[in-house]
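S.K.: Under full-length UniProt numbering, the first residue of the sequence shown is numbered 1, with each subsequent residue one higher.
Careful: at least some of the hints might be erroneous.
Unchecked claim - In silico DSS-like cross-links for lysine-lysine, where the CA-CA straight-line distance does not exceed 27 Å:
(1) K4 x K89
(2) K61 x K7
(3) K64 x K4
(4) K7 x K64
(5) K89 x K66
(6) K66 x K51
(7) K4 x K51
(8) K66 x K7
(9) K61 x K89
To be verified - Pairwise CB distance ranges, derived in the manner of DEER restraints:
(10) N42 x K66: 30 to 38 Å
(11) M1 x K61: 15 to 23 Å
(12) A85 x E17: 27 to 35 Å
Hint data in this document are derived by calculation from the structure and do not stem from the laboratory. Just so you know, even glycine gets a beta-carbon here, dropped at the ideal spot from N, CA and C.
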Amino acid sequence: MEVKHDKNNQRFFIEVEGQEVYTAYSLDNNVMDIYTTYTPPNLRGRGLAEKVVRAALEFAKENKYKVIPSCSYVYVFIQRHNEYANLIK
1 MEVKHDKNNQ
11 RFFIEVEGQE
21 VYTAYSLDNN
31 VMDIYTTYTP
41 PNLRGRGLAE
51 KVVRAALEFA
61 KENKYKVIPS
71 CSYVYVFIQR
81 HNEYANLIK
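All chains should be built: construct the whole structure from the sequences, respecting the hints.
M.R.: If you want it as structure tokens, here you go:
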């Protein structure tokens, strides 16, 4: 299952069973505000949100962006995965 990056709409997503799991962000002055993550109810519990969030954070890391984790899922994810803690603005 491949995570895709839609740069025009500023989001990372996976298509599963005709539905999308995604995390969306805005980018301004090298600061990436990840403001929402969504998984359809019937796809929850499969680790899909983790995949899209990890892809977004890796993108931020590779581009030396700081991250504002406005999305509560992203905030908790970063707390649980210290390798991304230095990205927080």
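S.K.: Regarding the pair K61 and K7, is the alpha-carbon distance no greater than 27 Å?
M.R.: Roughly 16 Å between the alpha carbons, so the hint for K61 and K7 holds.
S.K.: With respect to the beta-carbon atoms only, verify the hint that M1 and K61 lie 15 to 23 Å apart.
M.R.: Holds - the Cβ-Cβ distance for M1 and K61, about 21 Å, lies within 15 to 23 Å.
S.K.: Would the hint linking K66 and K7 be met if the CA-CA limit is 27 Å?
M.R.: holds (17 Å)
S.K.: Assess, step by step, whether the Cα of K61 is no farther than 27 Å from the Cα of K89, and give holds or violated.
M.R.: holds (12 Å)
S.K.: If you draw a straight line from the CA of K4 to the CA of K51, is it 27 Å or shorter?
M.R.: holds (10 Å)
S.K.: Holds or violated: the 30 to 38 Å window for the beta-carbon distance between N42 and K66?
M.R.: holds (35 Å)
S.K.: Keeping to a limit of 27 Å between CA atoms, is the pair of K7 and K64 held or broken?
M.R.: Answer holds: K7 to K64 is near 17 Å, not above 27 Å.
S.K.: For A85 and E17, compare the CB-CB distance with the range 27 to 35 Å and indicate the outcome.
M.R.: Once the Cβ atoms are compared, 34 Å apart, the range 27 to 35 Å for E17 and A85 holds.
S.K.: Is K66 within 27 Å of K51, Cα to Cα?
M.R.: holds (19 Å)
S.K.: Next pair to validate is K89 with K66; report whether the Cα-Cα distance is within 27 Å.
M.R.: holds (5 Å)
S.K.: Regarding the pair K64 and K4, is the alpha-carbon distance no greater than 27 Å?
M.R.: holds (20 Å)
S.K.: Has the given pair, K4 with K89, been kept, meaning a C-alpha gap of at most 27 Å?
M.R.: holds (25 Å)
Of the hints listed earlier, there is not a single one the structure fails to meet.
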